[in-house]
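There are 2 protein chains.
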Amino acid sequence: MTNKNSLQVVALAGGIGGAKLAHGLSQVVMPGSLTVIVNSGDDFEHLGLKICPDLDTVCYTLAGLANPETGWGRTGETWNALKSVADLGGPNWFRLGDRDLGTHLERTRLLSKGWTLSQITKEFSRAWNIVQTIIPVTDDFVPTMVDTDEGILPFQEYFVKQQYRPVVRGFRFNNVDNSKPAPGVLDSIREAELVVICPSNPWVSIDPILAIPGVRMELLSSACPIIAVSPIIGGKAVKGPAAKMYSEMGYKPSAFTVAEHYGVRLIDGILSGFVMDNTDKNMSVEIQKKGLQTLVTNTLMKTIADRQRLAQEVIEFGKELITNN
Amino acid sequence: MTNKNSLQVVALAGGIGGAKLAHGLSQVVMPGSLTVIVNSGDDFEHLGLKICPDLDTVCYTLAGLANPETGWGRTGETWNALKSVADLGGPNWFRLGDRDLGTHLERTRLLSKGWTLSQITKEFSRAWNIVQTIIPVTDDFVPTMVDTDEGILPFQEYFVKQQYRPVVRGFRFNNVDNSKPAPGVLDSIREAELVVICPSNPWVSIDPILAIPGVRMELLSSACPIIAVSPIIGGKAVKGPAAKMYSEMGYKPSAFTVAEHYGVRLIDGILSGFVMDNTDKNMSVEIQKKGLQTLVTNTLMKTIADRQRLAQEVIEFGKELITNN
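Protein chains in written order, with my numbering: chain A, 2 to 326; chain B, 2 to 326.
Since the hints were derived computationally from the structure, they do not count as laboratory data. Every residue, glycine too, gets a C-beta built ideally from N, C-alpha and C. It is possible that some hints are incorrect.
[As the list claims (entries may be wrong)] Here are the simulated DSS-like pairs of lysine-lysine, each with C-alpha atoms no more than 30 Å apart in a straight line:
1) B:K291 x A:K84
2) A:K114 x B:K290
3) B:K162 x A:K123
[Claimed, not checked] A few chain A positions that, by computed beta-carbon distances, are all more than 12 Å from chain B:
4) P32
5) T71
6) G77
7) R100
8) L102
9) G103
10) E124
11) K237
12) K245
13) E287
14) K291
15) L322
[Said to hold, decoys possible] Some residues of chain B that are not near chain A, with every Cβ distance over 10 Å (derived):
16) G49
17) R100
18) P242
19) E249
20) R310
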C-alpha cells in the first residue's frame, strides 16, 4: 500500500467490527486524514474506574496493542488483578486484564484531575504512537440504557453480565439532551470528504453517536458521501446482539433492514451509499430502489489483509460517489 | 510445634519486620488467641485507590501470600498494569503489582459502599483463610506526615518516592485528635495476657498506633506484660530508615535508644520487657537499670524458622514476666 488515499475520512465506530474497519482505513488513508469518532454509550464506572470499552478497542487496535484472538482487550494480557478481586469475593463479571487495567487507572486519575475524555484520548493516542485522530463522540456521560423484559439495564450489565440474554424493548441514552459533541467531532465531519459508518451495532454503537446533539444535523448538512457498511451478513450479526435486537424490536435482521435503519439522505435518513456482503447480493436492487448506491463485496474481516482490502474498496466506492455527485 | 501457647497475645505491628514476628507468633500461639493491631499511618490514596501497605503486608504474610524475597507485595506477582500506566506517562513510583492491585480495587470498592477498613480487613482475612485477628488501629484516616528539610511530606512520598533521603525533623499524625480506635482494638488490649511490640519502626510504625486516642491509656491500664523487640541491631535498622531517623532527630541509634523511646511502665512509658539482639548484649545491663527485664537473643529473622523461634522465646519471656509480676 504505497500510495495512500489523501481524502479526508471520518469513520463512526463502535467496538470490534468498527475497530477492524477503522484499522483497515488507517492502513489505506494518509496519516492525519483519518478521524475516528467513537461511541461512548458503552462507557461505565466499575470498581471505581472509568472504563470505555469501544474507545479502548479502537485505540488498542490502531496502536497494534489489541488481542488478535478476542478483538477486545490487549495482546499478551494477564489476569492477576481480577483473579485477586474474585478471590476476595468482588465482582469479576467484567473481564479486566492487567495491562488494560493500567489504561483505566491512568484515565480515571486524569479525569479526577479535571481532564476531559477527549483530552485523555489524545494524550493516550500520542503515547501509543497512533497517528490517526480518535475522538470519543462526547466528553459527557451519556450511558446507553437497555429497556428489556427484565427491566432497564445499564449497557454493560445487559451486554456482559447478562450476556445479552434479556429481550430488548428499546434503548435510552441517558442525559443525551444535556450533552454536546467533544471538540473536533463536528469540525471533522464538516471537513470530511467521506464519512464511513463502520459495521458496528446500529442500535447501541452508531445510534448513540448520532444521538449526540448536533451530530446528525452536521451529517445531514454535509455534502460528502456517507456510506454504511452492514454489520449483518446473511441475516446474522458477525458478532454480538445486533440481529437478536432487530428481531426483538420487530424487524427481520438483514442488510436491507440496516440500510433502512440509517435511511437515505434527503428522504428518511443520512446515507448515500451502502456496502453489503456478497451473501446478501440479492438485496442490492431493493436497496438501490430506496435511493442508495450499493457496493457488494466480501465484508467479513477475518485477517488484517481483509481489513485493508475492504477499507480500500470502501474508499474507492466513496470516490465514485463523490465523482457522481 | 504441636503444643501452641494458649495465652491471649496482642501484637502491635508495622510493615515487614512486624509482619515477620506476627507470622512467627501466629505459628506458636493458638488460633483465636492472637490479635495483630496494625499501623494505618502509611495508608494513602494513589491512582484513585486506597492503599494500606502495612495492613496488606501483615495480611499477605499471615495468609502465606507474601513475596518471600521482598517481604512486601505478593508471591508470583506480575507488573503489567503499572507498566501500562507508565507507558501512558502516569505515576509508577509506588510499586503496585497486579495481584496486589486486586486487593486495592476491591477494598476501594467496599469503602465506597460504606464499609469500614476494619470490616473489610475482617472480610479479606476470612477470604484469605487467616485464622488470627488482624485489625487496623483505626478506621479513620490519620496519615503520617514527615516533617523534613524539604518540607512536610506525606509518608509514602518521603518513604518510597524520595527513598527516605530527606532529613527528618519530626512527625505528625494528621487528624489524630479526631480519630478513634477501630472496634476490637481496645478490647483486645484489655483482654491481652501479653502485648508484643514488634520490631517495626518506632517513629512511623508504632508511634502512629500509640497515638490513636485511648490506645496508650489502655496499654498503661493493662496489667499484662508489654514487651518490645528492638528493630535496631548493632546501631542499624534491619530494614528501612529507623536508624537514620534517630540520628536526624538527635539520638544515637541503638537498642538502648529504642528502649528509651517506648519508656518504662510506671516511670516514663509503657514497657515491662525488652528483647534485644546478641550483638547488643553489652547494653542489657544499662537497660535493666532503667527498670526493664531483658531478653538477649538472636532477633534477626532470616527464615521462617527464625520467626517461630523468636516468637516462642518472646512468649516464654512474657510468661516469665507474668509469673514474676
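Worksheet entry | Unsatisfied constraints (hint numbers, rising) | Those not satisfied are hints 1, 2, 6, 7, 8, 9, 10, 16 and 17.
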